[in-house]
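Protein chains: 4
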Amino acid sequence: MNVKALLVEFIGTFFLVFTVGMAVIDPGAGDFAGLAIGTVLMVMIFAGGHISGGHYNPAVTLGVWLRGKASITDAVGYWIVQVVAAIIAALVVSVIKPAMPTAALNGDIPVIGALLAEFLFTFALVYVVLNVATAKGTDGNSFYGLAIGFTVLAGAYAVGSVSGGSFNPAVTVGGSIMNIFAWGNIWIYLVAELLAGVVAAFTFRFLHPGE
Amino acid sequence: MNVKALLVEFIGTFFLVFTVGMAVIDPGAGDFAGLAIGTVLMVMIFAGGHISGGHYNPAVTLGVWLRGKASITDAVGYWIVQVVAAIIAALVVSVIKPAMPTAALNGDIPVIGALLAEFLFTFALVYVVLNVATAKGTDGNSFYGLAIGFTVLAGAYAVGSVSGGSFNPAVTVGGSIMNIFAWGNIWIYLVAELLAGVVAAFTFRFLHPGE
Amino acid sequence: MNVKALLVEFIGTFFLVFTVGMAVIDPGAGDFAGLAIGTVLMVMIFAGGHISGGHYNPAVTLGVWLRGKASITDAVGYWIVQVVAAIIAALVVSVIKPAMPTAALNGDIPVIGALLAEFLFTFALVYVVLNVATAKGTDGNSFYGLAIGFTVLAGAYAVGSVSGGSFNPAVTVGGSIMNIFAWGNIWIYLVAELLAGVVAAFTFRFLHPGE
Amino acid sequence: MNVKALLVEFIGTFFLVFTVGMAVIDPGAGDFAGLAIGTVLMVMIFAGGHISGGHYNPAVTLGVWLRGKASITDAVGYWIVQVVAAIIAALVVSVIKPAMPTAALNGDIPVIGALLAEFLFTFALVYVVLNVATAKGTDGNSFYGLAIGFTVLAGAYAVGSVSGGSFNPAVTVGGSIMNIFAWGNIWIYLVAELLAGVVAAFTFRFLHPGE
Chain X
1 MNVKALLVEF IGTFFLVFTV GMAVIDPGAG DFAGLAIGTV LMVMIFAGGH ISGGHYNPAV
61 TLGVWLRGKA SITDAVGYWI VQVVAAIIAA LVVSVIKPAM PTAALNGDIP VIGALLAEFL
121 FTFALVYVVL NVATAKGTDG NSFYGLAIGF TVLAGAYAVG SVSGGSFNPA VTVGGSIMNI
181 FAWGNIWIYL VAELLAGVVA AFTFRFLHPG E
Chain Y
1 MNVKALLVEF IGTFFLVFTV GMAVIDPGAG DFAGLAIGTV LMVMIFAGGH ISGGHYNPAV
61 TLGVWLRGKA SITDAVGYWI VQVVAAIIAA LVVSVIKPAM PTAALNGDIP VIGALLAEFL
121 FTFALVYVVL NVATAKGTDG NSFYGLAIGF TVLAGAYAVG SVSGGSFNPA VTVGGSIMNI
181 FAWGNIWIYL VAELLAGVVA AFTFRFLHPG E
Chain G
1 MNVKALLVEF IGTFFLVFTV GMAVIDPGAG DFAGLAIGTV LMVMIFAGGH ISGGHYNPAV
61 TLGVWLRGKA SITDAVGYWI VQVVAAIIAA LVVSVIKPAM PTAALNGDIP VIGALLAEFL
121 FTFALVYVVL NVATAKGTDG NSFYGLAIGF TVLAGAYAVG SVSGGSFNPA VTVGGSIMNI
181 FAWGNIWIYL VAELLAGVVA AFTFRFLHPG E
Chain D
1 MNVKALLVEF IGTFFLVFTV GMAVIDPGAG DFAGLAIGTV LMVMIFAGGH ISGGHYNPAV
61 TLGVWLRGKA SITDAVGYWI VQVVAAIIAA LVVSVIKPAM PTAALNGDIP VIGALLAEFL
121 FTFALVYVVL NVATAKGTDG NSFYGLAIGF TVLAGAYAVG SVSGGSFNPA VTVGGSIMNI
181 FAWGNIWIYL VAELLAGVVA AFTFRFLHPG E
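If you read the protein sequences in the order shown, they are chains X, Y, G and D. Just so it is clear: in the first sequence, position 143 is 143 by the working numbering, and no numbers are missing. Just so it is clear: in the second sequence, position 13 is 13 by the working numbering, and no numbers are missing. Just so it is clear: in the third sequence, position 56 is 56 by the working numbering, and no numbers are missing. Just so it is clear: in the fourth sequence, position 177 is 177 by the working numbering, and no numbers are missing.
These are calculated hints, taken from the structure and not from any lab test. A few of these clues could be false.
[Claimed, not checked] Computed far set for chain X versus chain G, every beta-carbon distance over 12 Å:
| no. | residue |
| --- | --- |
| 1 | GLY137 |
| 2 | ILE177 |
| 3 | ASN179 |
[Said to hold, decoys possible] Here's a subset of chain D near chain Y, in silico, CB distances under 8 Å, partners left out:
| no. | residue |
| --- | --- |
| 4 | GLY28 |
| 5 | ILE51 |
| 6 | PRO209 |
| 7 | GLY210 |
[To be verified] Which stretches of chain Y does chain D cover? Using the computed rule of at least three CB atoms under 8 Å from a CB of chain D, they are:
| no. | stretch |
| --- | --- |
| 8 | 24-35 |
| 9 | 110-117 |
| 10 | 130-142 |
| 11 | 146-154 |
| 12 | 159-171 |
Cβ atoms here follow ideal geometry from the backbone N, Cα and C, with glycine treated the same way.
Construct the complete structure from the given sequences, taking the supplied hints into account.
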């Protein structure tokens, strides 16, 4: 167990879920919520990537493990810390926000559409992570945080009206606690996101057979 | 045929056209559509550029071929995959979107204005691509995806009110299927975009005689 | 005393506080104020970081000093110049703005919420600064200004509705002069921001024991 | 005379002024005009900086000349091409735009406020250019286009409501032709912008005595 990496994963996931709650729940950032969320993910990756890899997302950790860049022990540790950080962030939001929503903000979603939306952009996210942060061809670049964080920004504006735009099981859990997502829909998010992590990992391995 | 490069071109073009459809067609991203579209192009270039060059655009592939950095065989393969990806992305959007537009969103465009708008910003796009991704003077930089993707962002906000802002024959085809552009106007886009790719390639060759 | 570093700190802090005033006070940048403020911080860090470190923020200077990358003499000099720059920026805004607010724009803030909001995002800011600008693991990167400046952007959209989003004692002083913040609340900002700088510095030292 | 550098200056200045006109004049980019303008400057600098330095702005060329990184012959050539490009861009906008404004959009500006606004952000722009594109301490960085282009973005949102936000004599000329600025105010822009270029150059020389 690398306690330093776990602390970095905690901090990054906490700020991601905290920003989701603060920016999405009224009074928040309005249409700028997607910019705020993609941006906070970017800065946390730039800050913590050199210590933990900057996952902050169980689907990313799943993809990195399947790609062969994390042990199962590390992955389990990351998953636990990411979910705990999301829960604590949701609780902090509930302390600060004057009025939390009483009904899920994104409760009435189309099942097929939401499955597709969450699958596609979580695939894009893990595909981008593996290519910009673990591939030899992009080694030493200075854009990894921008590329990864802003994939979430693009997804939030592209499919936010369909699924709310989670792309991250920790955000899904934290968002469900904050009534951004409905608990009854949680399977949609988790199935689509984790499957996307698997497909992205095998896509990466097909594209980079020697690595 | 490099199957890996073709798969990367498929993924990148798919997400570009998918984001165009999801962000532009109501309910979408509103005024943030241009940000979402430029951003998704940026992240796909950062992710796939080291494998395929990250064209995702037949006009870019045309320019890269004329600049001498792609064989005609590769170019034809890229063109086919880019158009197929655009068609599939349009179909996926039609599955997800509750209401596709029945009439073209950008149907009533001024011919001269739209020709100029599409020519100018497709020229800018291919000029930027060739300079930041194939020139010796910018070798090893970490900004190529930002520069290329955000050229489309700037163009979308600058001339979106004139032509809708395609700058890409694959986006033009996908957008026509999704009724974002009118089929009767498709020649305007294709003529302007492909001509711009040619002019940008020769401009680059004039500027870099030794490369 | 390094007069060049002090001049750079003056210029950077001046433009940060000037932009805060111009963008926030009506007629300003509306919802784009957060983008403008994060952006101006980014560009001033990219411009001046190689001379002064690009702090422009007494809480950052406190964190850098506790992390061991600045002497107490330098820190005191930075603090004085940062506050003086903020005061002068506020005065210049009052010359340009046709109508300064007569009552504090963010006067009625919840104490616990504002303490949490200012503490959390000032912690994030100093944590990002120390990791991207002083850590061996990110040495030579080209993203430090983007990461630091856009942490303030994310924070502005995330918690701007709670505390106004200062994260910087110099901005707090300048903002109080411009009636963006209420003088009666200044202790909330200063306590939360300076405490966050301390906690971020010790977090960094725990994460990088050898540096 | 370096014909290649002059062509690059023409292209970059053309797209900058073209985007100003298209984004600002209704129907344009609305509140996103500042983002579009800063972004197009960024991409043109990333594309052309390795050939011409990527000035696209007579005040920047003035500053670079005074800093000792351009001959007077080069500077005069740049100035002529920049102004010609601005004039042609304004004419192209007048061909595309269905309705050009009949009265200056930013005609009624406060003299002192506009002088200060244009001076301050043109100073910031030239200060950023000299530090990120000509200083030894930032040599080889990948952020120069982002830093320079987004200085204009920050300025547009900070002081756009005061002066319209030109920071560039070529934009001032092109904008006056397009009735974005009033001809009677042109001295305000030119005096403030050129003076800012001078002050920024001497500030840079004070900060970097050995270069």
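Under the criterion of a CB-CB separation shorter than 8 Å, is GLY28 of chain D in contact with chain Y as hinted? Nearest chain Y Cβ about 7 Å off; hint holds.
Per-residue hint verdict: GLY210 of chain D, partner chain Y, C-beta under 8 Å: 26 Å, violated
Residues of the stretch 130-142 of chain Y with Cβ under 8 Å from chain D, three needed, outcome: holds (count 7)
Taking 12 Å as the cut and beta carbons as the points, is ILE177 of chain X off the interface with chain G? 17 Å, holds
Decide, holds or violated, for the assertion that all CB atoms of chain G are farther than 12 Å from the CB of GLY137 of chain X. About 18 Å separates GLY137 of chain X from the closest Cβ of chain G, which puts it past 12 Å; holds.
Verify this for me: three or more residues of the stretch 110-117 of chain Y with a beta carbon less than 8 Å from a beta carbon of chain D. Check passed, 5 qualifying residues.
ILE51 of chain D as chain Y interface residue, shortest Cβ-Cβ below 8 Å: Holds - the Cβ of ILE51 of chain D comes within 8 Å of chain Y, reaching about 6 Å at its closest.
Can you take a look at whether the stretch 24-35 of chain Y is actually covered by chain D? Rule is 3+ residues, C-beta closer than 8 Å. holds (count 3)
Residue hint PRO209 of chain D, partner chain Y, criterion CB-CB below 8 Å: 29 Å, violated
When I compare C-beta atoms, does the stretch 146-154 of chain Y have three or more residues closer than 8 Å to chain D? With 7 residues in contact (Cβ-Cβ under 8 Å with chain D), the coverage given for the stretch 146-154 of chain Y holds.
Mind verifying the non-interface call on ASN179 of chain X? Its CB should be farther than 12 Å from each CB in chain G. 18 Å, holds
Verdict on chain D covering the stretch 159-171 of chain Y, criterion of 3 CB contacts below 8 Å: holds (count 4)
Comparing the model with each numbered hint stated earlier shows that hints 6, 7 do not hold.
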